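Enquirer: Residues per chain, in single letters:
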Amino acid sequence: MASRRTFLKTGIAGGVLLAMVAAFHEPLDRWTRKELVGRMPRAEARRVALTAIIPVILQGALPSDAIERAAAVSDAVDGVAVAVAALGASAQEEVAELFALLLFAPTRIAAAGVLPAWDEAGEADVAAFLTRWRTSRLGLLQSGYQALHDLVLGAWYADPAHWAAIGYPGPPLLGKE
Amino acid sequence: MIKDPYPAGIASGWRLLNAAEFVADREDEADVVIVGSGAGGGVAAEILARTGLKVLVVEEGPLRSTDDFHMRESEAYPQLYQESAARKTADKAINILQGRCVGGSTTVNWTSCFRTPESTLAFWQSRFGLATYTPDALRPWFEMVERRLAIHQWDMPPNVNNLTLRDGAARLGIATHAIRRNVTRCWNIGYCGTGCPTGAKQSMLLTTLPTALEHGATIYHGLRAQRLVLSGNGARLLECQAMDAQGIHARPVRVSLRARHFILAGGAIGTPALLLRSAAPDPHQQLGGRTFLHPTVVSAALMEGLVEGYAGAPQTIYSDHFLDNRPVDGPYGYKLEVPPLHPVLVATTLQGFGAAHATLMRSLPRVQVILALLRDGFNDASKGGQVRLRGDGTPVLDYPLDEMLWEGVRRALASMAEIQFAAGAKRVYAVHEECAGWDDWSAARAGIAALEMRPLAMRIVSAHVMGGCGMGMDPRASVTDPAGRHHQLENVTVADGSLFPTSVGANPQESIYGIVARNISLLAPMLSGQPAPALA
Numbered sequence: 018m019a020s021r022r023t024f025l026k027t028g029i030a031g032g033v034l035l036a037m038v039a040a041f042h043e044p045l046d047r048w049t050r051k052e053l054v055g056r057m058p059r060a061e062a063r064r065v066a067l068t069a070i071i072p073v074i075l076q077g078a079l080p081s082d083a084i085e086r087a088a089a090v091s092d093a094v095d096g097v098a099v100a101v102a103a104l105g106a107s108a109q110e111e112v113a114e115l116f117a118l119l120l121f122a123p124t125r126i127a128a129a130g131v132l133p134a135w136d137e138a139g140e141a142d143v144a145a146f147l148t149r150w151r152t153s154r155l156g157l158l159q160s161g162y163q164a165l166h167d168l169v170l171g172a173w174y175a176d177p178a179h180w181a182a183i184g185y186p187g188p189p190l191l192g193k194e
Numbered sequence: 068m069i070k071d072p073y074p075a076g077i078a079s080g081w082r083l084l085n086a087a088e089f090v091a092d093r094e095d096e097a098d099v100v101i102v103g104s105g106a107g108g109g110v111a112a113e114i115l116a117r118t119g120l121k122v123l124v125v126e127e128g129p130l131r132s133t134d135d136f137h138m139r140e141s142e143a144y145p146q147l148y149q150e151s152a153a154r155k156t157a158d159k160a161i162n163i164l165q166g167r168c169v170g171g172s173t174t175v176n177w178t179s180c181f182r183t184p185e186s187t188l189a190f191w192q193s194r195f196g197l198a199t200y201t202p203d204a205l206r207p208w209f210e211m212v213e214r215r216l217a218i219h220q221w222d223m224p225p226n227v228n229n230l231t232l233r234d235g236a237a238r239l240g241i242a243t244h245a246i247r248r249n250v251t252r253c254w255n256i257g258y259c260g261t262g263c264p265t266g267a268k269q270s271m272l273l274t275t276l277p278t279a280l281e282h283g284a285t286i287y288h289g290l291r292a293q294r295l296v297l298s299g300n301g302a303r304l305l306e307c308q309a310m311d312a313q314g315i316h317a318r319p320v321r322v323s324l325r326a327r328h329f330i331l332a333g334g335a336i337g338t339p340a341l342l343l344r345s346a347a348p349d350p351h352q353q354l355g356g357r358t359f360l361h362p363t364v365v366s367a368a369l370m371e372g373l374v375e376g377y378a379g380a381p382q383t384i385y386s387d388h389f390l391d392n393r394p395v396d397g398p399y400g401y402k403l404e405v406p407p408l409h410p411v412l413v414a415t416t417l418q419g420f421g422a423a424h425a426t427l428m429r430s431l432p433r434v435q436v437i438l439a440l441l442r443d444g445f446n447d448a449s450k451g452g453q454v455r456l457r458g459d460g461t462p463v464l465d466y467p468l469d470e471m472l473w474e475g476v477r478r479a480l481a482s483m484a485e486i487q488f489a490a491g492a493k494r495v496y497a498v499h500e501e502c503a504g505w506d507d508w509s510a511a512r513a514g515i516a517a518l519e520m521r522p523l524a525m526r527i528v529s530a531h532v533m534g535g536c537g538m539g540m541d542p543r544a545s546v547t548d549p550a551g552r553h554h555q556l557e558n559v560t561v562a563d564g565s566l567f568p569t570s571v572g573a574n575p576q577e578s579i580y581g582i583v584a585r586n587i588s589l590l591a592p593m594l595s596g597q598p599a600p601a602l603a
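For the record, the sequence lines run as chains A and B.
Position one of the first sequence corresponds to residue 18 (this note's numbering), numbered consecutively onward.
Position one of the second sequence corresponds to residue 68 (this note's numbering), numbered consecutively onward.
So that you can see chain A by itself, here it is in the shape it has in the complex:
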């Protein structure tokens, strides 16, 4: 089905990295759609990856206290899930494919360049991955970075708990209720 592979085909241009991704393309399509996306506990798998990725995207915005920080990251993971659930059907499918790509070990290594599993990845691994995708010449990878950027930062700054830190007073009181 054309629509199922839209994300993976977007902006494909060439290069060694692409060849590696492409080598996993068909197995990924069969495998991750049915296995990862279908049967595995998708939310849990996403949570593991996002718990590694979010602290790097939100560096400088998260609390420094370890316990508060862990709670904030956990809330941010939930916030991303809420944001994804509000997207259009096609975008939700593409986000599922993005996470399938990040979670399937061969494509995590080949496309994201992250060798360790997500729960073992350090902040330097994640920052290098984000920078690689952000500056990639492959539309596929750059749009994947931008999806993570928009979902994580959008969900974070949607939360009134994070407004005081940026000097945003919130909406005015109108005396309506």
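Careful, some of the hints might be misleading.
Calculated cross-link-like contacts (lysine to any residue; reagent style SDA-like; alpha-carbon spacing at most 25 Å) [as the list claims (entries may be wrong)]: (1) Lys-493(B) with Ala-181(A); (2) Lys-70(B) with Leu-190(A); (3) Lys-121(B) with Ala-91(B); (4) Lys-493(B) with Ala-182(A); (5) Lys-70(B) with Ala-182(A).
Just so you know, these hints were derived from the structure itself, not from any lab.
Owing to the predicted nature of the structure, the values given are computational and were not obtained by experimental measurement.
Since chain A is already given, all that's left is putting chain B on it; use the hints.
Expert: Then chain B, alone, in the frame of chain A:
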């Protein structure tokens, strides 16, 4: 005193049906079915309902009104915008803001009103045979919608975000002007984009749709128009599907609507898509083509003093200097305006992550932003995009970006940075993945010249989708005639921004109001035998 007309209207018998609650298929019949309740659908609904015709309006989005608007981006984007305000072009390079709720984009727009520019009308006359689209012929229609929607010169002082555009431009000898707005007793709080919480904005939600409801119109919301069933030279039935409670997936509950005439006003992505799903005749492959966006690029500045761009009417000053100083069909010209600066919109638009992003966000009260809207569709090489259907029938716009556009983008970034530095900016950031900001105009000028222009690296946004069912005299080069009637389907009229054969070159809402008021006033007597009532 804030008054939401919907609770009382519903109590008085307004026919508002939430299809998201339907559990069984149903049918309905009317003189006219209108698809979409935004600028075009709203105006058409009022005119036709007031001639005594039975009118059904189909809206995919939900009904939310004044009392439901809480000035929260986290509520507004999922509820009121297409694809949660994250609609993207096919290659994901352009993010499109479009309303999807009762009132359409008029419920969430920033209240900027412009008559269709004379240079645009002249181009439509000469290139598309729209002989009746003269400023003199359209003036009474613009005046009528201005009276109806309280479009007037707004007289409160602009917020600092807008003043910065005005003052920086003035120091460079660039003229700016005040934007006319469709508001009454505006509280000047700045939350037009999340649905006006005070009822000041004279959107379709609070003007034409209530009038249509008073005259017996029915609005189905939470209902997606899937396909016109065609027979002979026309349409006989509109097949619709009820949406789920979240408004994301269509459910297998069908609503069939019969009518003598069908008016398509689902916006310039939705209307071509409905015709594509209906396999409407398209003998010259015009349908969904020439779709324009006013591709918009963004320049953010860090100012010394407070800007507080989240407060105050969002868009009140503009400059057409870079549209007016060049031929309309030459290299891209651009209109300058500013956006509201609320946390989610700013955080998702600004490039980068981690400490650099967090540092800029902590400066939010001092951030100033200018937008440049590129006027597409006038140069022969500016062909716009093509609306296509995905496997599931939902639409996607393919809008290729080319060298000529990048040349315009570069000039626009330079103009905005120069204005921001002239206004006293400490640092300016072109919204481009590879820009880390510049401390003065000469650094910015060199830096902008060196930026690599390619899709996704250069962030582009759009809030104005136009074209795809363009009007023209020649059926080989257009989808609709100069009155908006479909060239091949005799009882189908298009009445939204998809009519425009180029971009407008200005925020399009008033162009839609005025041109649809004219076209539907020509249609109404043919359907009803009654003269069309004046909107005001």
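Enquirer: Each hint should be assessed against the structure and marked as holding or not.
Expert: Each hint tested on the structure:
no.	hint	result
1	Lys-493(B) with Ala-181(A)	holds (23 Å)
2	Lys-70(B) with Leu-190(A)	holds (16 Å)
3	Lys-121(B) with Ala-91(B)	holds (23 Å)
4	Lys-493(B) with Ala-182(A)	holds (21 Å)
5	Lys-70(B) with Ala-182(A)	violated (34 Å)
In summary, the one numbered hint that this structure violates is 5.
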